[in-house]
Amino acid sequence: MKRVEVRLSIPAVAPLLDLIKAVADELRTNLAVPLALSDSDAELAAVWNEDLLASQRDDCDRLFSLFNQEFFSEGVVAFDRENAEPVLRACAALRLRFRSTRLAHIPDDTLEALEASSSLGNMSEDVQKAFACFLFLDELQKIILKYLDPMAVEEDE
Amino acid sequence: MASPRAWRVVFLNDAVTRMSYAVMVLRKLFGFDEQTATKHMLEAHENGRSVVWVGVRENAEAYAFSLQQWHLSATLEPDEES
Chain A
1 MKRVEVRLSI PAVAPLLDLI KAVADELRTN LAVPLALSDS DAELAAVWNE
51 DLLASQRDDC DRLFSLFNQE FFSEGVVAFD RENAEPVLRA CAALRLRFRS
101 TRLAHIPDDT LEALEASSSL GNMSEDVQKA FACFLFLDEL QKIILKYLDP
151 MAVEEDE
Chain B
1 MASPRAWRVV FLNDAVTRMS YAVMVLRKLF GFDEQTATKH MLEAHENGRS
51 VVWVGVRENA EAYAFSLQQW HLSATLEPDE ES
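Residue numbers (our numbering), protein chains in the order written: chain A, 1 to 157; chain B, 1 to 82.
Don't read these hints as lab results, they were simulated from the structure.
One or more of the hints may lead you astray.
Claimed, not checked - Result set (EDC-like, lysine to aspartate or glutamate): computed pairs, CA atoms no more than 20 Å apart in a straight line: (1) 142(A) / 77(B); (2) 146(A) / 34(B); (3) 28(B) / 149(A); (4) 28(B) / 108(A).
The whole structure should be built from the sequences, with the hints applied where relevant.
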């Protein structure tokens with residue numbers, strides 16, 4: 001099975017994990033993307049809500065399983081075809097939640113410019129940390145899409 | 001007897017999700033090639049929405065649910081042309 005190991009800076013990443021975990025805890029009871037169904041689909045929405053929350057929780061659990069003893073001793077996280085999709089989804093959900101809560105006050109174009117420059121700008125310490133988490137989750141997605149694109153997997157097999 | 005009404009699956013834009021991620025998901029769920037998936041992603045990016053599938057209600061629900069599972073916002077609407 002194809003496996004990609006990534007060496008991360010423990011001093012840079014470890015301090016972000018508590019905040020990412022706090023946001024993941026919010027996702028246990030809140031969808032990252034609110035349902036956009038019409039009022040006439042309220043019954044369907046109620047069923048979906050529970051199923052989507054369960055899926056979201058499982059995905060976040062898979063993400064946090066990356067940060068195990070190997071990470072805290074060697075700084076290494078490993079992606080494979082088993083965890084690539086849930087980790088991609090977890091990163092997407094967490095980024096959306098960061099954007100709609102801790103980074104909600106930043107206009108889209110400002111955030112885009114900050115992302116492009118990876119600059120922390122004149123943010124407060126709390127917002128800097130949230131933005132660093134936002135960028136870190138994006139980097140994880142980029143790595144998975146580059147080396148373990150689920151579509152490439154299907155084409156390989 | 002009237003034929004069953006068709007439903008549209010509408011993919012809605014968001015300003016956060018990485019474009020390459022959205023393209024990958026559209027390819028995976030709908031079997032689009034890269035060019036078609038990119039076209040839908042850009043249409044949603046520019047117009048706020050893109051109709052990605054039209055057909056029977058049961059399948060439309062399954063597709064919309066899958067999009068939501070990948071954290072891409074989607075809605076269902078009746079296809080006025082059917």
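Hint by hint, here is what the structure shows:
Taking the CA atoms of residue 142(A) and residue 77(B), the gap is near 33 Å; set against the 20 Å cutoff, the hint is violated. For the given pair, residue 146(A) sits about 15 Å from residue 34(B) by alpha-carbon distance, which is consistent with the 20 Å threshold. Pair hint residue 28(B) plus residue 149(A) holds up; C-alpha atoms about 10 Å apart against a cutoff of 20 Å. Taking the CA atoms of residue 28(B) and residue 108(A), the gap is about 28 Å. The hint is violated against a cut of 20 Å.
In summary, the structure is inconsistent with hints 1 and 4 from the numbered list given earlier, while agreeing with the others.
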